[in-house]
Amino acid sequence: MITVMFFAGLREAVGTSSETLALPAGVSSIAALRDHLVARGGQWQALATAKNLRAALNQDMVALDSAIKDGDEIAFFPPVTGG
Amino acid sequence: MQHSVSVQEADFDLSAEVKALTAGNNLAGAVASFVGLVRDNNDGTGVADMTLEHYPGMTEKALDEIAIKAGERWELLGVRIIHRVGHLMPGDQIVLVVVSSPHRGNSFAACEFIMDYLKTQAPFWKKETTAEGSRWVDARVSDDEAMAKWRDQIGM
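Chains as they are written, first to last, in numbering that gives the first Met the number 0: chain A, 0 to 82; chain B, 0 to 155.
Hints are not guaranteed to be accurate.
Stated by the list, open to error - Derived, one-sided and incomplete: chain A residues facing chain B with beta-carbon distance under 7 Å: (1) Ala7; (2) Leu46; (3) Pro78; (4) Gly82.
Please keep in mind that the hints were generated in silico from the structure rather than gathered at the bench. Every residue, glycine too, gets a C-beta built ideally from N, C-alpha and C.
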């Protein structure tokens, strides 16, 4: 299983803050996971249209082409605006 | 180097944090600090209040890593970072960075580095309320540029 989390405007757009799912067959990178989620259609298109989409893998900010595996925690979010 | 980070709803007291960071350590000849405040306008629109969302767990980890990176680059004695979350009003304190070092140059540089790094790497998101409703704040290109400057200078 993997945990997928969403934050800020992206959380509102997809309508959920997190979900747990089995790592889909053939999905081995964050970018592929995004494509898998976008293929659900509807509000999940927000993951495709988000400009400057950022991601974290096990709570480290990483590039979208990073590899993922079973047990990982993946987060999608807009560019951060703290400080 | 000692360092500590806090993510909290409560306000903070700069002078108390400076005292705590330097207590019992007379090697420090310099303390530099930065306090960020909530402004009452953004991009020409009045801001009534704001809410700070964050990624619990990753936030603390990111701030920890920023403090450690600063300690690897400059000769520092202590770093204290506090970032508030939740509901904030214009004029409220939102972020605190305090750095101590034997000499001032390291404290000044590290304090600026920590803020620039935090702005682009720590998972916080601001949502502000204006007369037209609420909106998520867009990231600023100038923040990425400030971060890129450090990458060029010190390879971080």
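Structure-based check of each hint:
1. Ala7: 4 Å, holds
2. Leu46: Nearest chain B Cβ about 16 Å off; hint violated.
3. Pro78: 3 Å, holds
4. Gly82: Interface hint status for Gly82 of chain A: holds (4 Å vs cutoff 7 Å).
Hint compliance for this structure: hint 2 alone is broken.
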